Amino acid sequence: MSEKVFINCTGGGPIRVHVKNGKITRVRPLVFDENDAPSWTIEAGGQKFTPPRKACVASFALTEKERVYSKDRILYPLKRVDFDQNGERHPENRGKSGYERISWDEAINIVSGEMKRIRSAYGPEAIVSRGSSHHNWGNVGYRSSTWARFFNLIGFTDILDNPDSWEGWHWGAPHAYGFFWRLGNPEQYDLLEDALKNTEMVIYWSNDPDSTHGIYGGNESALWRIWMRDLGIKQVFLDPYCNYTAAIHSEKWIAYRPGTETALAMAIAYVWLTEDTYDKQYIETHSLGFDEFKSYILGKEDGVAKTPEWAAEICDVPARNIIALAREWASKRTMLSSGTKGGEGGACRQAYATEWARMMVFLAAMQGMGKPGSNIWGTTLGPPFNATLDFPGYAQGGINRLAKKPAVNPVKQRIYRLLLPEAILNPPIKWMGDGFCGNSIEQQFNKYVYPLPGCSEVKMFYRYGGAFIATMTETNRWVRMYQSPKLEFVVNQDCWWCTETKFADIILPACTNLERNDISEWASAGGYSVHGAGACNHRVIVYQQKCVEPVGESKSDYQIFCELAERLGVKEEFTEGNTEEDWIKIMFDSSDLPKYISFEEFKKKGYYIVPQLENYKPTPSLRWFYEGRECDTPDLGNAKRNTEKGKELGTYSGKLEFVSQSLLKHTPDDDERPPLVHYIPSWEGHQSDLAKKYPLQLISPHPRYSFHTQHDSHVPWLSDIPGHRIWKDGYDYQVVRIHPTDAATRGIQNNDIVKLYNDRGAVLLIARITERIRPGVVHSCEGSAKYDPLEPGKAGSIDRGGCINVLTPSRMLSKNVPGMAPNSCLVEVSKWEV
Amino acid sequence: MGKVLIIDITKCNGCHNCQIACKDEHCGNDWSPIAKPQPLSGQFWIGVVDVVRGTVPKVKVAYNHIICQHCDDAPCIKACPNKAIYKRPDGIVIIDPLKCKGAGDCIKECPYEGVIFFNKELNISQKCTFCAHLIDKGWQEPRCVDACPTGALTFGEGAELRDLISKAEVLKPEIGVKPRVYYIGIPKRFIGGTIYNPELDEVVIGAEVNLQNEDDGISISCKADDFGDFWVDGLSPGKYLVTIKNSGYIHKELKADITEKDINLGDIALVRNKSV
Chain E
0 MSEKVFINCT GGGPIRVHVK NGKITRVRPL VFDENDAPSW TIEAGGQKFT
50 PPRKACVASF ALTEKERVYS KDRILYPLKR VDFDQNGERH PENRGKSGYE
100 RISWDEAINI VSGEMKRIRS AYGPEAIVSR GSSHHNWGNV GYRSSTWARF
150 FNLIGFTDIL DNPDSWEGWH WGAPHAYGFF WRLGNPEQYD LLEDALKNTE
200 MVIYWSNDPD STHGIYGGNE SALWRIWMRD LGIKQVFLDP YCNYTAAIHS
250 EKWIAYRPGT ETALAMAIAY VWLTEDTYDK QYIETHSLGF DEFKSYILGK
300 EDGVAKTPEW AAEICDVPAR NIIALAREWA SKRTMLSSGT KGGEGGACRQ
350 AYATEWARMM VFLAAMQGMG KPGSNIWGTT LGPPFNATLD FPGYAQGGIN
400 RLAKKPAVNP VKQRIYRLLL PEAILNPPIK WMGDGFCGNS IEQQFNKYVY
450 PLPGCSEVKM FYRYGGAFIA TMTETNRWVR MYQSPKLEFV VNQDCWWCTE
500 TKFADIILPA CTNLERNDIS EWASAGGYSV HGAGACNHRV IVYQQKCVEP
550 VGESKSDYQI FCELAERLGV KEEFTEGNTE EDWIKIMFDS SDLPKYISFE
600 EFKKKGYYIV PQLENYKPTP SLRWFYEGRE CDTPDLGNAK RNTEKGKELG
650 TYSGKLEFVS QSLLKHTPDD DERPPLVHYI PSWEGHQSDL AKKYPLQLIS
700 PHPRYSFHTQ HDSHVPWLSD IPGHRIWKDG YDYQVVRIHP TDAATRGIQN
750 NDIVKLYNDR GAVLLIARIT ERIRPGVVHS CEGSAKYDPL EPGKAGSIDR
800 GGCINVLTPS RMLSKNVPGM APNSCLVEVS KWEV
Chain G
0 MGKVLIIDIT KCNGCHNCQI ACKDEHCGND WSPIAKPQPL SGQFWIGVVD
50 VVRGTVPKVK VAYNHIICQH CDDAPCIKAC PNKAIYKRPD GIVIIDPLKC
100 KGAGDCIKEC PYEGVIFFNK ELNISQKCTF CAHLIDKGWQ EPRCVDACPT
150 GALTFGEGAE LRDLISKAEV LKPEIGVKPR VYYIGIPKRF IGGTIYNPEL
200 DEVVIGAEVN LQNEDDGISI SCKADDFGDF WVDGLSPGKY LVTIKNSGYI
250 HKELKADITE KDINLGDIAL VRNKSV
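Those sequence lines, one after another, are chains E and G.
Numbering-wise (numbering that gives the first Met the number 0), the first sequence opens with residue 0 and increments by one.
Numbering-wise (numbering that gives the first Met the number 0), the second sequence opens with residue 0 and increments by one.
Please note: incorrect hints may appear among the correct ones.
Stated by the list, open to error - With a straight-line cut-off of 27 Å between C-alpha atoms, the simulated DSSO-like cross-links for lysine-lysine are:
hint, chain 1, residue 1, chain 2, residue 2
1, G, 260, E, 3
2, E, 53, E, 602
3, G, 77, G, 222
4, G, 273, G, 244
5, E, 95, E, 727
6, E, 603, G, 136
7, E, 293, E, 664
8, G, 222, E, 233
9, G, 35, E, 233
10, E, 603, E, 639
11, G, 119, E, 22
12, E, 594, E, 604
13, G, 35, E, 3
14, G, 107, E, 727
15, E, 370, E, 654
16, E, 584, E, 196
17, G, 35, G, 82
18, E, 70, G, 35
19, G, 222, E, 22
20, G, 35, E, 19
21, G, 119, G, 98
22, E, 53, G, 136
23, G, 2, G, 119
24, G, 136, E, 19
25, G, 244, E, 233
26, E, 754, E, 814
27, E, 233, G, 107
28, E, 3, E, 727
29, E, 22, G, 136
30, E, 47, G, 166
31, G, 273, E, 727
32, G, 187, G, 222
33, E, 331, G, 222
34, E, 53, G, 2
35, G, 187, E, 233
36, E, 594, E, 370
37, E, 545, G, 136
38, E, 370, E, 404
39, E, 70, G, 177
40, G, 136, E, 604
These aren't lab readings, by the way, just hints derived from the structure by calculation.
Just so it is clear, the structure is predicted and the values come from calculations on it, not from any experiment.
Please model the entire structure based on the sequences and the hints provided.
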């Protein structure tokens, strides 16, 4: 049979998939042809910059062949051997027992039968479900689409996701500059051109764009940072770890102690205040509360001036280096790059990280945020961008939004994701905040209780795609939860065996998005992450062509939910008579795409490159605010845009708020996220008592070579990358980076297996002794796709899969801020004798 | 002149796309007579190795690319007792997987370490083919180059790439095997440090730093930047005398031995001259 080439898309970029005899033989980055729209060109510094005519995908996107045929694929429906829905269920054996193959018919019978039983005995709220992000790509067969339509239709207790990658920005920054509609991240329009033309220095603060890719943009922006280097734009890095971007671009690395960033930031403000090197006029006209801020920094509130000497002691960075940084920053047009989307970064995933995020906004503000070359910019978004063509992102409701009758969940009960174990094991639980608070600042102050009065506790967990174990904190809580008899029934629907799959009673095998048709735009989430496709040099809208038949007996998610809907008697309502292909066409028709290309042509070619606008006029982010004009960017979520308040930010006052009016209104007495920003020593940091027992600080950033748990050890090719995993005695151990002095005092050699441990648990890892990490800190990424306890299913057992969240605390950022703080984590390490 | 590969290390961000794309092309695919399948794990026909240079907080990483050099005077060709290794007219060196009998002499004789691998299962030696099976079908580039996002890898006719080659060097030029793989920006050595005034506890900006190679006497000068830093890369290995001068300060001399590795001299106190 001759070779066929299909187009598909992944979380790391669009690909060409070569297939021969029904098997994938090759996965290539999508390369454009001469008929595709031309690329943009930016002129700066006497040079012309234009991107390559191909998709610069992430490395893991190129492992899709290996991932489709991975040894970890779930091939058949499975039932736990000691689970009997009509007899003994043995929940205590979840995670321990093996599985037996069953037919689809039996699997669907058991799952639908249990759903009926539980719904009838306890009500629809007794079923809880949630998917993880990113395990598949496509707007139809995804959690925000097919999964959401099914469960909203039948009713269920939904889980509120915490913004796990940008906690401090989400819960802190909106109180300083608005942008709650972007979940705390700033707009990023046209900042590439602005930087290339106007910026003299970029300060990457806890930001590794070569690893985090603007989320889904793969390596698209890698070239931008090389262009900046070629133009002589100075690139400075503040991070305890010489991250992947710093490793090649750093002209200055300031390696502070984790958890002390806010102190460092305040010392910079101190230098500017005392040396009179900030934009006073801007502060006067654009902000409020600055006098109180100034007073606090100068020590008039608590008697402690936030001097560089004060910070030096805390951060373990010489005061003279802080002074030099502050002076250099004030004298140069500087981009503050404090996270891949402007916000994010490991510094925002730790105790009191709201304060760091607010300080980032304030430092940028003191240097005239929005003026040419001076802004908050992650260096991963903001190329010339045609925002006039509307195409939905994956998070914009998927097929449910397009249905004639969108399903609305009748159940009001919710559980907060980080508190799911406590909700099951030890209810009632309470928390404040909606999870993703993208509709208003007030959402951060909504109070919740579980169980909701009048509602049943949840009895069944329907887990869909990916894993919370390995991405959420304190893993052993989740193990105990799964083994609770209060969970009468657990289903896991996924393509691969992941960290949590083996805790299910019934496992349903789903096919990957290479085994079915779908439609999507590269890197586009939409909604709260509007114009996320700006992480790419070209807007690439993809008809995701089915490349091969589903592997094993796996089925598409849509097919699985159709079968369940049929047994529950709601198939017609669920499908409205549509096949997956029909939904793809409906989504195509709902967008602006038909104005540009016919469905037939789009389906045949497999992709469409959105053309640049002729006479494109850049509208750099916040330039309007700097210049006192009405917002002119296409930031769709900004509700003040095109109104009489169009010149305002999204804060209560419309200004930059050094004293937050929203915090003053809702939680005026909160001393852990006070209306006026404060430095508060970490509840688990170098100054804690616990540091005597566990003297090392663990940071666990997002991995470079996989997307959270996705792709990681399912693919041996990635385990061959020594920055990711290293093989030893036939096992691919996750890497922990240790400084030579810390290794020497513990007798640890390179490539030793070591035990990283604290009172919460222990993980076996392979030691990479390196100068890339500062002394006193160890580094190992979150997102292991393996959770492999030495004693299977035993909570507290030593894990050798690399599930670093076994060690991280479940304590939240602060008392009113329900974000996770994995980077506030003390540990010790010792050599492991096999 | 035939095909050449040019690797610009200064443009590599360590994404490993080249290494992964190579595996995608060759694992599970039989491209005989150019190549038999590469094992799923353990072989790297193009392997990326990160080299960490310096000490906290002056650290840089360079990514070495380990790949068959497709030498025009290839020792492996001569070493093979079965005449299984040949050079194509376009310069690409191929181990014919159908003729290879697993003698392994090529691995022993290859002057570049870690580029030829032995496949125990198939009893053959294997290595990079520049994806000759694709070039023969009209592809312009092998898979590693196709997958590179930053333009760090360039492949093509040597005659058309003369400008780029003129900026590049080859590995082990002294052995004269005429490799077809060229490198730009192979890391040399650096010396770095931060100069400060201990009295004021401030960095000293603009101090003149002179680095003199003690063997050949050649000097390089620079000025400390706004962070009080100097960080001079591209030095030849050897022993250096580092002299730091700034008006009003006592001159300082330090020794730096970068024969084996890069050196971060750390924080260097420069004391004011009392007589000034």
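How the hints compare with the structure:
1. G/260 x E/3: 51 Å, violated
2. E/53 x E/602: Cα-Cα ~19 Å, so holds.
3. G/77 x G/222: With Cα atoms ~52 Å apart, residue 77 of chain G and residue 222 of chain G exceed 27 Å; violated.
4. G/273 x G/244: Roughly 15 Å separates the two Cα atoms, so the pair holds.
5. E/95 x E/727: Holds, at roughly 25 Å.
6. E/603 x G/136: With Cα atoms ~24 Å apart, residue 603 of chain E and residue 136 of chain G stay inside 27 Å; holds.
7. E/293 x E/664: 22 Å, holds
8. G/222 x E/233: 16 Å, holds
9. G/35 x E/233: 47 Å, violated
10. E/603 x E/639: Given that 27 Å is the threshold and the Cα spacing comes to 41 Å, the pair is violated.
11. G/119 x E/22: 26 Å, holds
12. E/594 x E/604: Holds, at about 16 Å.
13. G/35 x E/3: 22 Å, holds
14. G/107 x E/727: 25 Å, holds
15. E/370 x E/654: 16 Å, holds
16. E/584 x E/196: Distance ~42 Å between residue 584 of chain E and residue 196 of chain E Cα, so the pair is violated.
17. G/35 x G/82: The hint holds at about 17 Å.
18. E/70 x G/35: 22 Å, holds
19. G/222 x E/22: Measuring from Cα to Cα gives roughly 60 Å; hence the hint is violated.
20. G/35 x E/19: 17 Å, holds
21. G/119 x G/98: The given pair, whose Cα atoms are some 16 Å apart, holds under the 27 Å limit.
22. E/53 x G/136: Roughly 20 Å between the alpha carbons, so the hint for residue 53 of chain E and residue 136 of chain G holds.
23. G/2 x G/119: Distance of about 30 Å is beyond 27 Å: violated.
24. G/136 x E/19: Holds, at about 16 Å.
25. G/244 x E/233: Cα-Cα ~25 Å, so holds.
26. E/754 x E/814: Measuring from Cα to Cα gives roughly 32 Å; hence the hint is violated.
27. E/233 x G/107: 46 Å, violated
28. E/3 x E/727: 39 Å, violated
29. E/22 x G/136: 20 Å, holds
30. E/47 x G/166: Status holds; Cα separation ~22 Å.
31. G/273 x E/727: 60 Å, violated
32. G/187 x G/222: Measuring from Cα to Cα gives roughly 20 Å; hence the hint holds.
33. E/331 x G/222: Given that 27 Å is the threshold and the Cα spacing comes to 19 Å, the pair holds.
34. E/53 x G/2: It holds: about 23 Å lies between the C-alpha atoms, which stays within 27 Å.
35. G/187 x E/233: 22 Å, holds
36. E/594 x E/370: 37 Å, violated
37. E/545 x G/136: 26 Å, holds
38. E/370 x E/404: 47 Å, violated
39. E/70 x G/177: Given that 27 Å is the threshold and the Cα spacing comes to 43 Å, the pair is violated.
40. G/136 x E/604: Holds - the C-alpha atoms of residue 604 of chain E and residue 136 of chain G are around 22 Å apart, at most 27 Å.
The earlier numbered hints that this structure contradicts are 1, 3, 9, 10, 16, 19, 23, 26, 27, 28, 31, 36, 38 and 39.
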